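Modelling step: build the complete structure from the supplied sequences, incorporating the hints.
Chains A and B supply the protein sequences, listed in that same order. Under the working numbering, the first residue of the first sequence is numbered 1, with each subsequent residue one higher. Under the working numbering, the first residue of the second sequence is numbered 1, with each subsequent residue one higher.
Source of the hints: derived by calculation from the structure; they are not laboratory data. Please note that a few of the clues may not be correct.
It does not matter which identical chain is used: a pair holds within one copy or between any two.
[Unchecked claim] Pairs of lysine-lysine, BS3-like flavour, derived with a Cα cap of 30 Å: (1) K297 to K138; (2) K93 to K33; (3) K138 to K33; (4) K93 to K223; (5) K252 to K138; (6) K30 to K89; (7) K74 to K33; (8) K297 to K93; (9) K89 to K74; (10) K223 to K252; (11) K30 to K297; (12) K223 to K30; (13) K89 to K223.
Only a predicted model underlies this, so the values are computations on that prediction, with no experimental measurement involved.
Protein chains: 2
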Amino acid sequence: MSEILVGVSTSSYAQTNREPLDVLIGAGVKVVKNPFGRRLTEDEAATFLADKHGLIAGLEPLNQRVISSAPHLKAIARVGIGMSNIDMKFADKRGIRVSNTPDGPTNAVAELTAGAAIALGRGLVSANSHLHAGEWVKAIGSGLDGRSVLFVGYGRIGRRTAELMSPFGIRVFVVDPVLEQGDLAAGETLVTLDEGLKQADVVSLHASGEEVILGPEQFDIMKRGALLLNSARGELVDENSLLQALDDGVLKGAWFDAFWREPYAGPLLGRNDVILTPHLGTYSEQCRLSMELSAAKNLLNDLGLSA
Amino acid sequence: MSEILVGVSTSSYAQTNREPLDVLIGAGVKVVKNPFGRRLTEDEAATFLADKHGLIAGLEPLNQRVISSAPHLKAIARVGIGMSNIDMKFADKRGIRVSNTPDGPTNAVAELTAGAAIALGRGLVSANSHLHAGEWVKAIGSGLDGRSVLFVGYGRIGRRTAELMSPFGIRVFVVDPVLEQGDLAAGETLVTLDEGLKQADVVSLHASGEEVILGPEQFDIMKRGALLLNSARGELVDENSLLQALDDGVLKGAWFDAFWREPYAGPLLGRNDVILTPHLGTYSEQCRLSMELSAAKNLLNDLGLSA
Numbered sequence: 001m002s003e004i005l006v007g008v009s010t011s012s013y014a015q016t017n018r019e020p021l022d023v024l025i026g027a028g029v030k031v032v033k034n035p036f037g038r039r040l041t042e043d044e045a046a047t048f049l050a051d052k053h054g055l056i057a058g059l060e061p062l063n064q065r066v067i068s069s070a071p072h073l074k075a076i077a078r079v080g081i082g083m084s085n086i087d088m089k090f091a092d093k094r095g096i097r098v099s100n101t102p103d104g105p106t107n108a109v110a111e112l113t114a115g116a117a118i119a120l121g122r123g124l125v126s127a128n129s130h131l132h133a134g135e136w137v138k139a140i141g142s143g144l145d146g147r148s149v150l151f152v153g154y155g156r157i158g159r160r161t162a163e164l165m166s167p168f169g170i171r172v173f174v175v176d177p178v179l180e181q182g183d184l185a186a187g188e189t190l191v192t193l194d195e196g197l198k199q200a201d202v203v204s205l206h207a208s209g210e211e212v213i214l215g216p217e218q219f220d221i222m223k224r225g226a227l228l229l230n231s232a233r234g235e236l237v238d239e240n241s242l243l244q245a246l247d248d249g250v251l252k253g254a255w256f257d258a259f260w261r262e263p264y265a266g267p268l269l270g271r272n273d274v275i276l277t278p279h280l281g282t283y284s285e286q287c288r289l290s291m292e293l294s295a296a297k298n299l300l301n302d303l304g305l306s307a
Numbered sequence: 001m002s003e004i005l006v007g008v009s010t011s012s013y014a015q016t017n018r019e020p021l022d023v024l025i026g027a028g029v030k031v032v033k034n035p036f037g038r039r040l041t042e043d044e045a046a047t048f049l050a051d052k053h054g055l056i057a058g059l060e061p062l063n064q065r066v067i068s069s070a071p072h073l074k075a076i077a078r079v080g081i082g083m084s085n086i087d088m089k090f091a092d093k094r095g096i097r098v099s100n101t102p103d104g105p106t107n108a109v110a111e112l113t114a115g116a117a118i119a120l121g122r123g124l125v126s127a128n129s130h131l132h133a134g135e136w137v138k139a140i141g142s143g144l145d146g147r148s149v150l151f152v153g154y155g156r157i158g159r160r161t162a163e164l165m166s167p168f169g170i171r172v173f174v175v176d177p178v179l180e181q182g183d184l185a186a187g188e189t190l191v192t193l194d195e196g197l198k199q200a201d202v203v204s205l206h207a208s209g210e211e212v213i214l215g216p217e218q219f220d221i222m223k224r225g226a227l228l229l230n231s232a233r234g235e236l237v238d239e240n241s242l243l244q245a246l247d248d249g250v251l252k253g254a255w256f257d258a259f260w261r262e263p264y265a266g267p268l269l270g271r272n273d274v275i276l277t278p279h280l281g282t283y284s285e286q287c288r289l290s291m292e293l294s295a296a297k298n299l300l301n302d303l304g305l306s307a
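Written as structure tokens, this is what we have:
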């Protein structure tokens, strides 16, 4: 068998930990890194792929023209979930296998959500700001113990978040159109959105899609003093209703890691009752390594090699 | 039997939740609240206790003179752990039973510690500051998954913290002079302080006492880039060595909730790599309720009544 060439276009691949690279090399392939150290343009991608059999892919354009320039290409492995940069139909037509790493973000997003829930409830961020300003302000916060947490969307990330928060003593309520009570574990309760919002102390969004889930009608029925966590999508919450709910005390606080438009520069910036992070859900060393390793294994598998 | 009078001197008692008061009243005692709504002085305490059989106690002075003014007093129940305000020897001589609520803070301190570990590792506080200032700064953080966490002191709070952090995937290392490996659960490793510091990614202090545990020699051997969590006592860490360790990159960051002197106003205030909270460990609604309920039950038990 002649040499198998694998291109790695994601410039940060194996930079903090070379294990994913070792997995590829250990399987006998020759690895060629993206020579530009940044996202490839269409022309660069076409040139880069001319002699490659496999690709560890980032978000560079992998359209019909680029794929047509890669006569030997058999497999594309995305490091991440999104595949909107890939012409899936054309890849399929050409017999190229395409994979992604759907499990990669689960743990990291769930972890950050649990941390944000505690930080928000216990007032860690505001207390830290006060103390750095020389003000010793002790306020009694709200812990997770005994609180009702409503998970809106109960796929991988929602479930993992509940798993991490359960030892703290939360009661788990779930809204998910594709689930039935029998799909849930003991102690978890399936509710409608309205039922859930009326009793939840904490609402954590884990839904996909672009439609608004929390608008004026929803904030109207929410339990007063609730906390809102959004690690999913900015579009799920109507911003004007959110601001009103914060002003009215319906929401005591919120954490947003995902926004209508990123980088975000809207009215939430001016509010002390909202913790804001710049879409950091997947930004952990562990998450990066996990996705890089999965992509290496997916690629080798799709090339008919064992990891 | 004549009426049993119970004084409540802690002014915040049952303010957010009246359940503790209901427990006392339900047992048939007459409850009299501190009329001043603040900590009682010695004179006020002496007057307040003149006709009481039991006391739900705060931090007012309960010295020999005050106790001598309370001929009917049979039981004192502290809401909290510290009992340095009570002349225990004299109370014992007078046959007065004294209790505290040692389990009360466990959950709340452990929860805040776990939240601070995530916030610190994932850069939540600094990212929030940047974003509120209009800067969209995405930095890759360090999650808990796979990290070695050294618990220095493994009593109630240390153990509970480990329990809460374990589902996140940590490896538990323990330093505790009164424990043997056989006292630990499967997967937990007893180490010496030096062994632990050499390999820990996160060091969490849960020791009692006033002696310095982390000084120059200890920071010298710590794994580079570690995080330090201190919810226990400020005195456990030598401040100059701490500042040096942060400057040298031995420590990547730290969280302090306990300080050498409180309110704290020292050099940590000026550092962005340190999260500071004003001794909020026990400041949660749940913790307050739990301690108040325990004190009510302790008092009734010591008065020979059932809760």
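Checked hints:
no. : hint         : in the structure
1   : K297 to K138 : between (50 Å within a copy, 27 Å between copies)
2   : K93 to K33   : within (27 Å within a copy, 80 Å between copies)
3   : K138 to K33  : between (52 Å within a copy, 24 Å between copies)
4   : K93 to K223  : neither (52 Å within a copy, 52 Å between copies)
5   : K252 to K138 : both (17 Å within a copy, 26 Å between copies)
6   : K30 to K89   : within (28 Å within a copy, 78 Å between copies)
7   : K74 to K33   : within (18 Å within a copy, 79 Å between copies)
8   : K297 to K93  : within (23 Å within a copy, 73 Å between copies)
9   : K89 to K74   : within (14 Å within a copy, 82 Å between copies)
10  : K223 to K252 : within (10 Å within a copy, 40 Å between copies)
11  : K30 to K297  : within (15 Å within a copy, 71 Å between copies)
12  : K223 to K30  : neither (58 Å within a copy, 35 Å between copies)
13  : K89 to K223  : neither (46 Å within a copy, 49 Å between copies)
Checked against the numbered hints above, the structure violates hints 4, 12 and 13; every other hint is satisfied.
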